[in-house]
Amino acid sequence: MADEIIARAGPHRDSGFQTRAFVVGVAGWILPGLGHALLKMWGRALAFFLTVGLLVLIGAGMRGNLFASSGNDAFDSLGYIADMGTGTFYFLARSLEKNGADVSHATGDYGTRFLATAGVLNLLAALHAYEVARGRKA
Amino acid sequence: MSGGFEFKLSHFQAMLLFALVISIAFGFLSRRGPLDRAKYIVWSLFLFLLIGVGIGWAMYPFSR
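One line per chain: the protein sequences are A and B, in this order. Per the numbering used here, the very first residue in the first sequence carries number 1; after that it's consecutive. Per the numbering used here, the very first residue in the second sequence carries number 1; after that it's consecutive.
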């Protein structure tokens, strides 16, 4: 009897959870920290907004390379995916780099790593928010 | 500064900033309580710097 009730209620409940979790994950990707903010995890939301934002600001300030979608090889494509991980901050970094990238010095090369790390970190945070929304993590 | 938003950091400053920011993010991601987070951040920062400086020293004989 109990199994029947769960079986009837389960898919409906799961579908709502899945949609909500997906929205939370995507929100977290678009704006760093927003996914956790939707879950009322304010500390984590602020921490991810600030850390990802700081990495993007430092990376852009060091004139790191922001990869474009029209990459020449697999590394460019991977770099683009990593950079796009920052969501809207990708466009912020692009607007800050008025003089373009300069990787002829070590500083610019480090900047490229800062930008890519910001993206990967934000993807990790968005995935965490998604898992929390699904009830798999605390 | 020249024109836009840009600045230069030394190797050590860049490493220190990177280690600090990543340690804070990982601390918030993997721990819940404030004390646990603080401990994790300090320990992670220490290991980042120790390993970074250690690799730098280990590479010194091959630098030229």
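Worth double-checking, as some hints may not be accurate.
[To be verified] The calculated lysine to any residue pairs, modelled on SDA-like cross-linking and capped at a C-alpha distance of 25 Å, are:
1. A:137 x B:55
2. B:39 x A:100
3. B:8 x A:94
4. A:40 x B:35
5. B:39 x A:80
6. B:39 x A:132
7. B:8 x A:91
8. A:137 x B:8
9. B:8 x A:80
10. A:137 x B:24
11. A:98 x B:24
12. A:137 x A:57
13. A:40 x B:8
14. B:8 x A:100
[As the list claims (entries may be wrong)] FRET-style restraints, in silico, Cβ to Cβ:
15. A:15 x B:62: 36 to 44 Å
16. B:50 x A:77: 18 to 26 Å
17. B:58 x A:105: 21 to 29 Å
[Unchecked claim] Partial chain B-side listing against chain A, Cβ under 8 Å, derived:
18. 5
19. 7
20. 14
21. 16
22. 29
These aren't lab readings, by the way, just hints derived from the structure by calculation. Glycine included, each C-beta is placed from N, C-alpha and C at the ideal position.
Decide if the proposed pair is consistent with the structure: residue 137 of chain A and residue 24 of chain B, CA atoms, cutoff 25 Å inclusive. 19 Å, holds
Go through the hint on residue 29 of chain B and say holds or violated, using the shortest Cβ distance to chain A against 8 Å. Holds. Min distance 6 Å.
Quick check on residue 14 of chain B please, does its C-beta sit within 8 Å of some C-beta on chain A? Nearest chain A Cβ about 5 Å off; hint holds.
Was the hint right that residue 7 of chain B lines chain A, CB cutoff 8 Å? 5 Å, holds
Take the C-alpha atoms of residue 8 of chain B and residue 94 of chain A, compute the straight-line distance between them, and say whether it is at most 25 Å. 18 Å, holds
How about residue 5 of chain B: closest beta carbon in chain A under 8 Å, or not? 5 Å, holds
Pairwise hint evaluation, residue 55 of chain B against residue 137 of chain A, where the allowed Cα distance is 25 Å at most: Given pair residue 137 of chain A, residue 55 of chain B is violated - Cα atoms ~35 Å apart, limit 25 Å.
Is the Cα-Cα distance between residue 39 of chain B and residue 132 of chain A 25 Å or less? With Cα atoms ~23 Å apart, residue 39 of chain B and residue 132 of chain A stay inside 25 Å; holds.
Honestly, do residue 50 of chain B and residue 77 of chain A meet the 18 to 26 Å range at C-beta? 34 Å, violated
Given the proposed pairing of residue 39 of chain B with residue 100 of chain A, does the C-alpha separation stay at or below 25 Å? Roughly 39 Å separates the two Cα atoms, so the pair is violated.
Given the hint that residue 8 of chain B pairs with residue 91 of chain A, does the C-alpha gap stay at or below 25 Å? Since the Cα atoms of residue 8 of chain B and residue 91 of chain A sit roughly 22 Å apart, the hinted pair holds (cutoff 25 Å).
Residue 137 of chain A and residue 8 of chain B were given as a pair; does the straight-line alpha-carbon distance stay at or below 25 Å? 40 Å, violated
Hints 1, 2, 5, 8, 11, 12, 13, 15, 16, 21, counting from the list given before, are not met by this structure.
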